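Engineer: Going down the list, the sequences are from chains F and B. Residues in the first sequence are numbered from 1 upward in steps of one, following my numbering. Residues in the second sequence are numbered from 1001 upward in steps of one, following my numbering.
It should be emphasised that the hints constitute simulated quantities derived from the structure, not laboratory data. Since we're looking at a predicted model, the values are computed, not measured. Hints may contain errors.
Claimed, not checked - Sample of chain B residues at the chain F side, in silico, Cβ under 10 Å:
{"no.": "1", "residue": "Asp1022"}
{"no.": "2", "residue": "Asn1060"}
{"no.": "3", "residue": "Ile1097"}
{"no.": "4", "residue": "Thr1100"}
{"no.": "5", "residue": "Trp1225"}
{"no.": "6", "residue": "Gly1238"}
{"no.": "7", "residue": "Tyr1241"}
To be verified - With the C-beta cut set under 8 Å, the calculated list includes, among others, these residues of chain F facing chain B:
{"no.": "8", "residue": "Gly68"}
{"no.": "9", "residue": "Ile97"}
{"no.": "10", "residue": "Thr100"}
{"no.": "11", "residue": "Asp126"}
{"no.": "12", "residue": "Ser127"}
{"no.": "13", "residue": "Thr145"}
{"no.": "14", "residue": "Asp152"}
{"no.": "15", "residue": "Phe156"}
{"no.": "16", "residue": "Trp225"}
{"no.": "17", "residue": "Gly238"}
{"no.": "18", "residue": "Leu261"}
{"no.": "19", "residue": "Leu267"}
Cβ coordinates follow ideal geometry from the N, Cα and C atoms, glycine included.
2 protein chains.
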Amino acid sequence: MTREALIAEIKRKKSFLCIGLDTDMNKIPEFLKRYEDPIFEFNKRIIDATKDLCVAYKPNIAFYECLGPKGWESLKKTLDYIPKNIFTIADAKRGDIGNTSTYYAKTFFEYLNFDAVTVAPYMGEDSITPFLEFKDKWVIVLALTSNKGSMDFQVFENSHGEKLYERVLEKTSLWGASNQLMYVVGATRLEQIKEVRAKVPNYFFLVPGVGAQGGSLEDVVNYGWNDDCGLLVNSSRGIIYTSNGESFDKDARESAKKVQLQMRDVLVSKKMI
Amino acid sequence: MTREALIAEIKRKKSFLCIGLDTDMNKIPEFLKRYEDPIFEFNKRIIDATKDLCVAYKPNIAFYECLGPKGWESLKKTLDYIPKNIFTIADAKRGDIGNTSTYYAKTFFEYLNFDAVTVAPYMGEDSITPFLEFKDKWVIVLALTSNKGSMDFQVFENSHGEKLYERVLEKTSLWGASNQLMYVVGATRLEQIKEVRAKVPNYFFLVPGVGAQGGSLEDVVNYGWNDDCGLLVNSSRGIIYTSNGESFDKDARESAKKVQLQMRDVLVSKKMI
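Produce the complete structure using the sequences and hints provided.
Structural biologist: If you want it as structure tokens, here you go:
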């Protein structure tokens, strides 16, 4: 998907919501377990219930991988089921030397047909650029994550006061333009979202950590907004596990709808729609 | 596998060779393609031909993942086929927030029954410690990799002259002891192998980059040896793709044998055997 198409969808749906499909066999409603593929059945119903409210879905690959070949089948069916106008993100946090990254890119961009994949930057340029060889496909580089451990290395600082995540922004933004590269920027680090936005004004951010992890949408918008919105705000557990019974999909829709309405208000107040 | 068992195998086999199973459908001998599962068929013959010469096998997960569910089946069959006294490493370079890392750990340690998995440290403590909850299983943390891009972020330096990879060693060695944690240290960075060894004297290093990437075994031993050997030196392409015809497995054995004989001489000269 192109950047223009993504922005057009944000305006059309009045939403910049990404729904995380962290689909966990231990958390899905009991009644789904009588189906042949409970994971896909859960995703299908979540997609049916929310596809007009979000602009992106983000399956967390760990949850599928741990089920072996069957998990990959559920993932493939899910990707095939997601409407083509919705941006799809493989939350895989991959990254390896050139030739290997090309194989990871083939997996996610060709075999599964994702639009984007999350990548860890530790191994540098030749671990990231192979993903950029694929037209209209995206790399989402971990910059500043929302977890506690993000403070261990990401804020490691050089003698000029530059932090590692700032160096990551500086270098990676030379390798990929804002029509193929985004950044993961956690909602739990508000001051830093502002700094990141100043450094890479044109790039989209994928923002985890709103809701369950404590970040607020208002704050994220205040600190991270750019002229094209520039934000995909993710919610996983807060939406897909709203309830656990027969009406889980309707209840997930209600949760997604609440967020979407807030987002609509933001888009109106920012004069994007 | 325990550290003691690994060291015992190194002595018994007179080898600290790890063979990388980067098994690529485009590179395996043509005649194998008439088998139902050519990837497994290739691995099986490589394992049969080399299992007395190496102490570890390291499948590169990207090569299996890109084949979809069938690739995961080939990988599972390969793991089931490797003799239990051989250390197995999932070269997966995973790493995500706590809950997700637990799922990755389940995939590699329980479903596939690997002994170890490689992990990128960018997300910090809660991305690494979940792997350490599994008894006698190992995390191999990327410290200093052998690729060109390793110079982009891994040598980022603070005002005390401490580099990022040194900070990674310092912190991660507090999270995991030398009976559960190893480091990836590339053979192409000789001076730094010495520095890494000084910082973490007791830990094993997984060393890629000997052979195809230009590092020499002699240098790696000079700079990285410790009292328990402390080295698993990996070769992938240099062994498994020695030749491409009917005798590919015998030829792979010849290549592995050459390295093993060098390693035997090292172990003798170091008085380990």
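Engineer: May I ask which of the numbered hints given earlier this structure violates, with the numbers listed in increasing order?
Structural biologist: Violated: hints 5, 6, 7, 16, 17, 18, 19.
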